[in-house]
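Visitor: Here are the chains, one letter per residue:
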Amino acid sequence: MAAPLHLRRDAEHLADPLPALLVAAKQLAANVSLGIHGCRQSGMGESFWQYRQALPGDAMSAIDWRRSARSDTVFIREREWEAAHTVAIWADNALSMDFRGSGETTKGARANLLALALSVLLDKGGERVAFPATIAADPRHGERHLQRIAQALSDVSAERPEYGTAPDLPPLKPATTVLFSDFLGPDDQVFPALERAAKACHCGYLVRILDPQEESFPFDGRVVFESMGGGVSFETHRARALQEAYRARLAERTERLRDFAQRTGWHMLDHRSGESAQPVLLALFSGIGGRE
Amino acid sequence: MSLGPLVFLSPWLLAGLLVLPVLWWLLRATPPAPRHLKFPAVRLLLRLHDPEKIADKTPLWLLLLRMLALAAAIVAFADPVLDPDPQAEGNGPLLVVMDGGWASAPDWAARVQAAEATLEQAARRGRPTVFVSLSRPLPQGAGLPFRDAGDWLAELRGLEPQPWAPDRAAFADWLAVRDGNFDTWWLTDGLSHDASGLAAVLVDRGAVQVVDTARSPLALLPLSTVEGRLSTTVAGVPEPADRALSLKVFGTAPNGTPVALARADALLEAGETSVTVPFDMPLELRNRTTRVVLEGSASAASVALAGDGLRRRKVALIGAQVQEGSQLVSPLFYLQKALEPSVVLLRADLTDSLLAAPDVVILADVGTLSDSSASKLQAWVEQGGLLLRFAGPRLAASASGTRDDPLLPVRLRTGGRSLGGAMSWSTPKRLQPFAANSPFSGLPVPDDVTVSAQVVAQPAPDLAERTLAALEDGTPLVTARDLGKGRVVLFHVTANAEWSTLPLSGLFVQMLERLSVSSGGAGAPVDLAGRDWTPEQVLDGFGRLGPPENPVPVSGARLLEPVAADAPPGLYRAGEEVVAIDVLRADDRLETLDLPAGIRFGVLGERRAQAFKPPLLLMALSLLLLDILATLGVTGRLRNSGTMQALGLLALVSILPFGEARAGTDELALRAANETVLAYVRTGDPEVDRISAAGLRGLGLVLFRRTSIEPAAPIGVDVETDELGFFPLLYWPLTEGQKPLPPAASERVNRYLSSGGMILFDTRDAGQGVAGANTQALQRLTASLDIPPLEPVPQDHVLTRAFYLLQDFPGRWAKTPVWVEVSTPAPEGGRFANINDGVSPVIIGGNDWAAAWAVDADNRPMFPIGRGLAGNRQREMARRFGVNLVMYVMTGNYKSDQVHVPALLERLGE
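In the order they appear, the protein sequences are chains A and B. If you're matching positions, the first sequence starts at 1 in this note's numbering and goes up one per residue. If you're matching positions, the second sequence starts at 1001 in this note's numbering and goes up one per residue.
Source of the hints: derived by calculation from the structure; they are not laboratory data. Every value quoted in this text rests on a predicted model; they were computed, and no experiment measured them. Be aware that one or more of the hints could be misleading.
So, partial list: chain A residues that the calculated Cβ filter (under 10 Å) puts toward chain B [as the list claims (entries may be wrong)]:
1) Ala94
2) Thr105
3) Lys107
4) Tyr163
5) Ala239
6) Ala241
We put the CB at the ideal spot given by N, CA and C, even for glycine.
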């Protein structure tokens, strides 16, 4: 696991080419914290939204006299409702994410990198980022928060499970949830957690990070496969013969994840740890930023 | 190392068996240990069915199979040999003795090999060894000359069998003065050689191992004449089974080259020690005999040499001297002419002639002899001489005939009688056919032999039995009486044509021959003693004649003793006389060597048959093959179609060659049967085969253009494998490398010849002289073939006019005779009499016809012939011969029947 500073440096480097990220306000969240996020409706904010005729009951102070002076009616200057959105991010740090096939990076490192790069982008956009169940669980923004995030991601001291499950989201519903994981855990743990997350947040992204070897299953001969913690093992005499069956199982799992995404309106992105991180970050950027 | 009778020649290889347990462990772990891989997606694999289940452990039976294969291979390479005759186990000094005499010669190579093996074994054990051949001079020096066994090997390899018997008595004496104990390995020839004490002497010194070959030797006794026929006696030791013998008589052809004159087969019956084999051959051939050889055993004793005593009889001619003018009608002249070709004539007076030890004395019209001469003559006859007397005026006039003269077979009337003269009513009398018990029986009596005068025997009770020939009125013409060991014969007519026409006829010569041949005592041994004889040619151990190493004269007395190094067998000369000394003397017999008890006796050559290496290796190989199948079966790959295809292919490949061969035969048969095909015999020499093919192709073109025979491309056949029946004609060029045909092939060729086939043998060496190597190859080849009697092509043979009129049959060479079957009908029962319609089954020549016929791809002649126009003419003649030949083959004797056409036409015209 990279040191926080290195992670931060790499994340900044990754995020560098992209502009500041604002979460697309597709849904209005019941979030009162002010932000720079225009809500496309009049409300509290700093940006001009529209002029409208003053109606009885409007406060005298709300009248824009300069505008009103150019006509007979009195106008009120409305400002856009600007709110800061919260994005909840989860980067799986279970043991299974430590797997590194033939490539250079583990799945976990890639997840952390993407998570932090996304955080940096969001922070630039003034959004608030929350990493539930970590020391950076509170949605904030600013330099210190980013440092906290980097520290949280680098923290490996905690006892880690074999397979990660999505954490419960904080009571303040985030606008968007991004989950980085391999989703290889047992069915009865992975999917209930996802269901809960989907209930808590209407907009979310499943970024599944797999190692190329996990996709292609390039093994042969007599092999005993073990999970990273050694808790699960499976022996075969001729691994190649299992290739087809394994791929079918993997496809089945993928299909189920897609089903879930379709049902809940979430999005699913596939990423392989051997490939460049740019495309998936770009996809997230454009997805979250509503610039699809 | 040995386990009982089982001996391992390379026992250290058995250490390889120690590897087996290691291998056991290795083989058991056949499936490799699994790799342990960290793999997060392992949950996806859970409860997947593993389609290929490999057994964790090799099944026990497969393991045992592999171990067995390996053990078999290891044991095989350790060279186990079942030795029924375990080599002497001792480590002390060893005496290796070989008999090395003539009886060892037939299987000399095997003996040397066995002795080598023994010496090598002794060398391995480091035993001090003495090696002795009993037929060679014994080592000099005191003490036993022990040396390292390896040192003796060179001596052994240079050794050759000697043409005399081993001198065991001398060796026993040699041993007696030398101390020391030793084991003995004695490679004997199994014959006693009149000295059996050696074994006992050897037993005194240590363990004795006697080794012999399974085959007991045979020997020829000196040639003799029995009942007028050349005969020899084959001696052997009693055997439990009959032994077939084949003997050949060799002599010189009229031109001096050695040829086989006759052969005879005989059977040495079980338990018999000798069989006498007579040879039926004319006197003329008998006189040319040089030696008789027992085939199939190359030893000095299987050759019986013919000396002078056998070859030419000495005949003393005694008669009245006549004036020069009437010499041509002198009785002696007739006798001389009749006898000259086959005998040595002595012309001296009686006393001197008798000193020269003649076989026959002929007295032509000698009336009275002096008493001393008569008594000497009588003594000579009683010793076995043959006295042949002819009548005449003097005998008729003498009074001796009226007395009971021992030198006359019958008493004679004085004066005789004359028949058919001018003053007589009677006519000259003819001869009666000869009685069956007469020595002349079977001779044809010509009609023109008449007797006009004779001396007449006085009737006596025993006159009839003394009569050998009589006139048609019963008067004795030839009478004979035994006297002592000898015989007296009287012709009652003169030896010239005065009294009868008998001396003018061929019958006269034949009668003389019969009498001369039947002179039993003629083979009386040449008087050896008293003279020194110089060896001219001596036999070596294998029975080959060669010049002597040191032609030192040997005293006659020594030659009467058994042959040895100082008097080797061979031909000896003293003055004009040549005497043959054979390995065995006439009264020698072969006896088995008796061995005292306590001697181990082994038989040579059985050991090799018991080597287990090949079968063990074969077993290991088949077990490994089985293992392949079993492994495939165990891993489930046997059901795999690819594997099955591979196995099927393998099986197919192993079968394929036979299938191909069969297809080839069928194709050959189709080609040969569908068209007329000229065939040649493949010799194995590619150049010769190429010429044969080109020659027959050229001949085919000529035939195609000029005749109605349109042959297809020629075919080369292998007489050993191909079916010959399709081919009307086989062209067989001879090469030096021609080997005698194996019996099966001979049988095929004989069948081909007797069922209408024809073979043109071409020795191709007419340009090189009379009898080249190819001719010898032909002789070797045809020894096993049924070749009828041959003659040069007669002037009126069908071959000379089957298509063209030809007088000679040139090929690339010319002017050598071409031989065909004798055209007179074969005698009754002859194999080729009528089977072939009189067409000769073989034509033999040496003119290299194929080369004359041969054309290249552009149909131009391949070989130059002669020079200029004459050469072209010769080539044309060669082609014409080819045309005539094929016509002769195809039409048989049709052309010779044509001579009757005028007569047939004339008859039709009537």
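Visitor: All hints are to be evaluated individually against the structure, with a verdict given for each.
Guide: Verification of the supplied hints:
Checking A:Ala94 against chain B: minimum C-beta separation of about 9 Å stays under 10 Å; hint holds. The closest approach between the C-beta of A:Thr105 and any C-beta of chain B is roughly 15 Å, which is over the 10 Å cut-off, so the hint fails. A hinted interface residue such as A:Lys107 counts as satisfied when its beta carbon comes closer than 10 Å to some beta carbon of chain B; here the least separation is about 8 Å, so the hint holds. At its closest, the beta carbon of A:Tyr163 sits 8 Å from a beta carbon of chain B; the interface hint therefore holds under the 10 Å criterion.
Here the hint on A:Ala239 is kept, as its CB sits about 9 Å from the closest CB of chain B, short of 10 Å. Against a cut-off of 10 Å between C-beta atoms, the interface hint on A:Ala241 holds, since the closest Cβ of chain B lies about 5 Å away.
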